[in-house]
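Visitor: Read off the chains here:
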Amino acid sequence: MNELPILSILLILPVIGILLLTFISSNSESDGNLKQTALWVSFLNFIISLVVLFNFNQVDPNFQFVEKYYWLGDTISYHVGVDGISILFVVLTTFLVPICILASYNNIKFSIKEYLIAFLALETFMIGVFISMDLILFYLFFEGGLIPMFLIIGIWGGERRIYSTFKFFLYTLAGSVFMLLAVIFMYWEVGTSSIPILLQYEFSYDAQIILWLAFFASFVVKIPMWPFHTWLPDAHVEAPTAGSVILAGVLLKLAGYGFIRFSITMFPDASHYFAPMIYALSIIAIIFTSLIALVQEDMKKLIAYSSVAHMGFVTLGIFTFTIQGIEGAIIQMISHGIVSAALFLCVGVVYDRMHTREIERYGGLVNRMPLYSFSFMIFILASLGLPGTSGFVGEFLVLLSIFSVNTYFAVFATMGVVLAATYSLWLYRKIIFGQLIKDDLKDILDLSSREIVIFAPLILLTILIGIYPIPVLEIIEPSSQLTLEIINGKMD
Amino acid sequence: MGVFTIILPEIFLFLSSTLLLVVGLFYKRVNIINLLTFSILILAAVLVFYQPSSFGFNNSFVNDEFSKTIKMLILIGSASTLLMFSPSRRKINIDIYEFPILISFASLGMMVMVSSNDLLSMFIGLELQSLSLYVLASLNRNSLQSSESGIKYFILGALSSGLLLFGISYIYGFTGNTNFNLISATYDKNSLGLLIGIVFVCSGLAFKISAVPFHMWTPDVYQGAPTPVTGFFALAPKIAAVAIFLRFLYSSFGETAADWQQIIIFLSIASMIFAAFAAIAQSNIKRLMAYSSIGHVGYILIGMACFNFEGVQSLIIYLILYLVMNLSVFSFILMMKRKDEYCENINDLSGLYKHNPFYAILIALSMFSLAGIPPLAGFFGKFYIFMSAIKSDFYLLAVVGIVASVVSAFYYLRIVKIIYFDEPSEKFDEFNSSSLNLLFFISSGIVILFFVYPSPILNMGNYAAKTFF
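Sequence lines, in order, name chains A and B.
Quick note on the working numbering: the first sequence kicks off at 1 and runs consecutively.
Quick note on the working numbering: the second sequence kicks off at 1001 and runs consecutively.
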């Protein structure tokens, strides 16, 4: 547009970081340099994304900071921009990556250079997904993120890492390829893959059904919804802490973003047609996975299942086609991005000290780790949706919207909130409260200053969004409104 | 004289290779001969580049955008084979000066084949190519495997040539012509005999491109042949055979595409599915690449089946990217040595990432690219193929192709897994061959950075596709 190509800078900066890293030799003395470089690069990227956020015109519902360059022929171009729906996800990504790098300072014991390179590459791909204004470009970033994530889980993961990473990769790939065919079909139908044009285009009813299913195949695996969620617990359990953080924090949101941007807006008739199915699947996900979470023995698995349940609220909200539903879904995703990321970090903290994630092995940590117990409590409460935390805002808006559509579904969804409280508080009680009787826990240390630096911004954001969500909602509102107008315009 | 200018590159290649053959008799410095042949091939590519588009020899020989593009690809592939040959020749007992000359004759045969507009010149080119290839496959005389692969290739190749000739005789019998354009002009839609002819010619050509169910020779020949020869097989002959297959169908039977499209669609689906599953159990990397090439042929055939501008364009793009990806993999296979012995088992790759992280990431990305994961080059090859399939309403082909690509991702990922996740084994010898390194870095560089600046290769596709539509 007029000034700096700031979104491209956002996209390219991690790549420059990768180049810098390749020129630093990887021996034990330079490990510190590697970490510092990666941390500062990602932090700088966060600052740049904040610049974007503050220069963002909240009243304008359309894409901003648009850049367009020639890429694959005249009709497929490098076309990027952000609007109210995507900008927060970009900031969420750039916010979480430095935290991930900081969290990996001590627990990645080998090949730290490759690890950091993979993370920065992943950051580029994730930002790319959210800022793409061209479907082919979107697909490129959406799929490309699989490569670094495959390596992160596979190289630095736990015992069953190979099984998990293959499952993760092949599941997601199998879902996504159908989206590719749909994208190509849309390209020939409309003559372009530019998202703003496609958003306005009205597909025939039959085409919508097929295209919707193809996109659904991709997003249902990625978000993930029951019954396609089984890769997620495996991937979470085996991934290193930071890998889980980024997986829960951002990668799951790619699909939620895709549902809002593509599925409901481009195929409104099909979305309405399939909405009852989505409701049913979401309700099953919320209740069923919450019940599964209740019987987990592994902390990470429990949080992974709770993620599936939380994502159930997101899909529920999106497919109500109400402003509260969509806004609630976005807030729920942002909040879940922060809270579940934080919960995985909490697990990482004790895992680094005790090298086990079994819930039974802990108990009474509050006696030795007051700071840790405090932070953990905030996030557990946010996760179960206590008013005053970010989790409440999203869940409340979604419940409000689903209530206006169907009372029964609302009742079931509310039951999920109760179940969430059950397993979350159970987990917290088991780990934190009680007598400190286990011998190996007797000299466990509280949060280090590095960990405090990690948790402080997360706590701050959780509470801030919880008690004063207006600024966030103001950013989301115009674009969500526009989305709904497009949908309603097509439905008439 | 004027008529000869249109085959100037061919004449040049023929005369200079013959000259080198004579020189080689007296002056047995293999690396010098190799270098000279390399420069001849490059010169021939330059000559091809400046050739005007024209017909000649009673319309049996044609120079157009399509044949020029393909010829340059072939010459690049052949020249790269010579780069692979020079560092490995002593070790695998093929240190003879005939090797580069045979490659050059094979390229000559392929060039004639690609430019032919007549069944007979096509056959002559095909045979010149095949005879050189039979010798190349069995070049390592002391190795049982190499001899076996040469014999196998020869017998099955001769059989396929027989099928081809049989088909040609049918086509000639029912149309009275051997020229592609004349066949097209005198084509009788209801003639069953012609259809039989088409089927036989298609079978013969399917042998040459190793499409399922005519693929049986591929794994054995790929595994048995000396590695530079295997690399050559995967690159040039396949490209040439695909090109002539396409020209034969498009020029002579363009009017009745529906007849032969079924054949191509069947070959394509069978190749994609078969290769995706058969490659999973392979442990020898050359054998694995054989199955991988069968799978890629399946995708290339999708482009051929489409019979429109997008189809040819995507096919050319795919061929170029296929060439590049195979170059990267084969130049790496030739660097896999332990204690001066070549390793071919894919498990030997374990630990590469500990010892040579830079090579490890490049080869892993080449594998991801072969699997068609964006943003690497292989994705764009598949992307354009599927573009053309959807454009032509071949939804079944597209869906089968996409499912097969997910299955085949598994075996490419297995190599990545061995490189990165498995217990490291011994270190490879130093990768100090400069020609292999050059080849490896250039080709994997293209694989990784293609998406940044795709226009040149896309334009080549456009340029070549203009010939037919």
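Read the hints as simulated data drawn from the structure, not as lab findings.
Every value quoted in this text rests on a predicted model; they were computed, and no experiment measured them.
Honestly, I wouldn't trust all of these hints.
Unchecked claim - Simulated crosslink set (DSS-like; lysine-lysine; CA at most 25 Å straight-line):
hint : chain 1 : residue 1 : chain 2 : residue 2
1    : B       : K1354     : A       : K109
2    : A       : K301      : A       : K167
3    : B       : K1391     : B       : K1339
4    : A       : K430      : A       : K167
5    : B       : K1091     : A       : K109
6    : B       : K1091     : B       : K1189
Stated by the list, open to error - According to the in silico footprint, chain B covers these stretches of chain A (three or more CB under 8 Å from chain B):
hint : stretch
7    : 34 to 43
8    : 242 to 250
9    : 312 to 319
10   : 363 to 370
11   : 373 to 381
Claimed, not checked - Calculated Cβ distances over 10 Å to all of chain B for the following chain A residues:
hint : residue
12   : S26
13   : Y105
14   : E114
15   : I136
16   : L140
17   : I162
18   : T165
19   : A174
20   : V177
21   : F178
22   : L180
23   : Y273
24   : E358
25   : L464
26   : I470
Built from N, CA and C at the ideal position, the CB exists for glycine as well.
Visitor: Just double-check A/E358 for me: nearest Cβ-Cβ distance to chain B has to come out over 10 Å.
Guide: Correct as stated: the minimum Cβ-Cβ distance to chain B is 25 Å, above 10 Å.
Visitor: Using Cβ atoms and 10 Å as the threshold, tell me whether A/E114 really stays out of contact range of chain B.
Guide: violated, 6 Å
Visitor: Given the hint that B/K1091 pairs with A/K109, test it: the Cα-Cα distance must not exceed 25 Å.
Guide: Violated. B/K1091 to A/K109 sits at ~40 Å, over the 25 Å cutoff.
Visitor: Can we trust that A/I162 is non-interface, i.e. its beta-carbon lies farther than 10 Å from all of chain B?
Guide: violated, 5 Å
Visitor: Tell me if chain B covers the stretch 373 to 381 of chain A under the three-residue, 8 Å CB rule, please?
Guide: violated (count 0)
Visitor: Go check the stretch 363 to 370 of chain A versus chain B for me, would you? Three or more residues, Cβ under 8 Å, otherwise it fails.
Guide: violated (count 0)
Visitor: At a Cβ distance under 8 Å, does chain B reach at least three residues of the stretch 312 to 319 of chain A?
Guide: violated (count 0)
Visitor: Beyond 10 Å from every Cβ of chain B: is that where the Cβ of A/V177 lies?
Guide: violated, 4 Å
Visitor: Would A/A174 pass as off the interface with chain B, using Cβ distances and a cut of 10 Å?
Guide: violated, 5 Å
Visitor: Report holds if the minimum CB distance from A/I470 to chain B is greater than 10 Å, and violated otherwise.
Guide: holds, 39 Å
Visitor: Test the statement that A/L464 is away from the interface with chain B: the closest C-beta pair must be farther apart than 10 Å.
Guide: At about 36 Å from chain B, A/L464 clears the 10 Å cut-off, so the statement holds.
Visitor: Is the claim that A/Y273 lies outside the interface with chain B correct, judged by CB distances over 10 Å?
Guide: holds, 21 Å
In summary, the numbered hints that this structure violates are 3, 4, 5, 6, 7, 8, 9, 10, 11, 12, 14, 15, 16, 17, 18, 19, 20, 21, 22.
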